[in-house]
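S.K.: The lines below spell out each chain.
There are 2 protein chains.
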Amino acid sequence: MSAKIRLYVEHPLGAGQSVPLDRGQAHYLFGVMRMAVGGQVKLFNGRDGEWLADIAQAGKRAGLLTCVEQTKLLQMPPDLWLLFAPIKKARTDFIVEKAAEMGAARILPVQTEFTNSERIRRDRLQAHAVEAAEQCGGTYVPQVDELQKLSRLLDHWPEGRQLMFCDEGEVGNALALAAADKSDAPWAILIGPEGGFSDAERKRLHALPQSHVVSLGPRILRADTAAVAAMTLWQQALGDW
Amino acid sequence: MSAKIRLYVEHPLGAGQSVPLDRGQAHYLFGVMRMAVGGQVKLFNGRDGEWLADIAQAGKRAGLLTCVEQTKLLQMPPDLWLLFAPIKKARTDFIVEKAAEMGAARILPVQTEFTNSERIRRDRLQAHAVEAAEQCGGTYVPQVDELQKLSRLLDHWPEGRQLMFCDEGEVGNALALAAADKSDAPWAILIGPEGGFSDAERKRLHALPQSHVVSLGPRILRADTAAVAAMTLWQQALGDW
Numbered sequence: 001m002s003a004k005i006r007l008y009v010e011h012p013l014g015a016g017q018s019v020p021l022d023r024g025q026a027h028y029l030f031g032v033m034r035m036a037v038g039g040q041v042k043l044f045n046g047r048d049g050e051w052l053a054d055i056a057q058a059g060k061r062a063g064l065l066t067c068v069e070q071t072k073l074l075q076m077p078p079d080l081w082l083l084f085a086p087i088k089k090a091r092t093d094f095i096v097e098k099a100a101e102m103g104a105a106r107i108l109p110v111q112t113e114f115t116n117s118e119r120i121r122r123d124r125l126q127a128h129a130v131e132a133a134e135q136c137g138g139t140y141v142p143q144v145d146e147l148q149k150l151s152r153l154l155d156h157w158p159e160g161r162q163l164m165f166c167d168e169g170e171v172g173n174a175l176a177l178a179a180a181d182k183s184d185a186p187w188a189i190l191i192g193p194e195g196g197f198s199d200a201e202r203k204r205l206h207a208l209p210q211s212h213v214v215s216l217g218p219r220i221l222r223a224d225t226a227a228v229a230a231m232t233l234w235q236q237a238l239g240d241w
Numbered sequence: 001m002s003a004k005i006r007l008y009v010e011h012p013l014g015a016g017q018s019v020p021l022d023r024g025q026a027h028y029l030f031g032v033m034r035m036a037v038g039g040q041v042k043l044f045n046g047r048d049g050e051w052l053a054d055i056a057q058a059g060k061r062a063g064l065l066t067c068v069e070q071t072k073l074l075q076m077p078p079d080l081w082l083l084f085a086p087i088k089k090a091r092t093d094f095i096v097e098k099a100a101e102m103g104a105a106r107i108l109p110v111q112t113e114f115t116n117s118e119r120i121r122r123d124r125l126q127a128h129a130v131e132a133a134e135q136c137g138g139t140y141v142p143q144v145d146e147l148q149k150l151s152r153l154l155d156h157w158p159e160g161r162q163l164m165f166c167d168e169g170e171v172g173n174a175l176a177l178a179a180a181d182k183s184d185a186p187w188a189i190l191i192g193p194e195g196g197f198s199d200a201e202r203k204r205l206h207a208l209p210q211s212h213v214v215s216l217g218p219r220i221l222r223a224d225t226a227a228v229a230a231m232t233l234w235q236q237a238l239g240d241w
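Protein chains in written order, with the UniProt record's numbering: chain A, 1 to 241; chain B, 1 to 241.
So here's chain A without its partners, still in its complex pose (with noise of 0.2 Å):
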């Protein structure tokens, strides 16, 4: 049977490459899996694509795995941020675990005038967007940054970035986002927070020359369901589907 186990480690995988396991990575695998010396998984780093790698040692605590060959090579996703406004807990985790999946290259989570969320775990976030990552077969794992203010990454917003700006109620559709011909340029979503966008906020962003707004249908979403729906039409437009 071929290792369905994907594990996602800090350390450098090549050909012979010992590699070792944390305590959580450990329990996980000999205690809650129960592989053992001699059972294969599979281990990717973000940087050296993924590698089929042999159990060599197992203890409690630790572990010792041996690359043997590349499965994959390396896929970046595009260069894609996809920004939101923090909600409850468990849309939170989802959004962040859909970005993963749907391949985002980072994750910003970012206050608006009408966001509740104060603040967040990103340590949290970041090991969902891990899990993500070894679920979804990926090669790679966004990083999640700190909460930071909408208004404050605007006021630097970099040059090259365009904006795909998705609203309640906005006309234009994704077919525009082919039409602004920035394929090659790197690209950020911004979702609305579940209150929308203060008056000042929506002005600001129609003013941005390198935003682009975009239509999601006639009913509402959530705000994960918005994230998913927007990363879709953006990859079938400019991504790598």
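Distance condition first, Cα-Cα at most 20 Å in a straight line; then the derived EDC-like pairs of lysine to aspartate or glutamate:
| id | chain 1 | residue 1 | chain 2 | residue 2 |
| --- | --- | --- | --- | --- |
| 1 | B | K88 | A | D93 |
| 2 | B | K89 | A | D93 |
| 3 | A | K89 | B | D93 |
FYI, nobody ran anything at the bench for these hints, they're computed from the structure.
We have chain A already, so just place chain B on it with the hints.
M.R.: Showing chain B alone in chain A's frame:
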């Protein structure tokens, strides 16, 4: 302040029409949301559009509303079915919620060879669809069917209904949908189970003359992510977006 609360009712709606509330709705409106006589809510029933209504009587176990004016015409979703294999409870709930938000007309849980779930709580899933319709501003609630065998459904597949079939590792893309030029036909989207389709199922699906294989990108998506992504591609190419 405009009425923000939307309720789905079975009762006919029209100018001057009195609409009784059931016990659960009365508890929600008067107990939880602290609404009182003189307040306003919006009502829809899947047939008569959306109506603004005055609260005429408010009690612990019952209530009476009076329709004032129509605020939205009935907007039927396209004739799109969503077929999916039930998974863990929370994710199954999410799929139903997202199908309602994304504008599916009917939701059909199907049992495949590798589906773990033996049964579903149809009434609970239908309640999720109602809640999602209330939240997303739709005027229609998709019907949730009882769990049925995919093989049996395919035995009696409606002749004119096209089937968009999303499978891991498939090529083919959404542009093929547009090229299929079946924009007036009824459609269905089938999301594969987390364990994948069996070889026999895959063969059968490929042999079906109405089936169109669509890729959802290079990463493996969870079923709930795949449902939103597939509905996005379909709505964009052939639906009401």
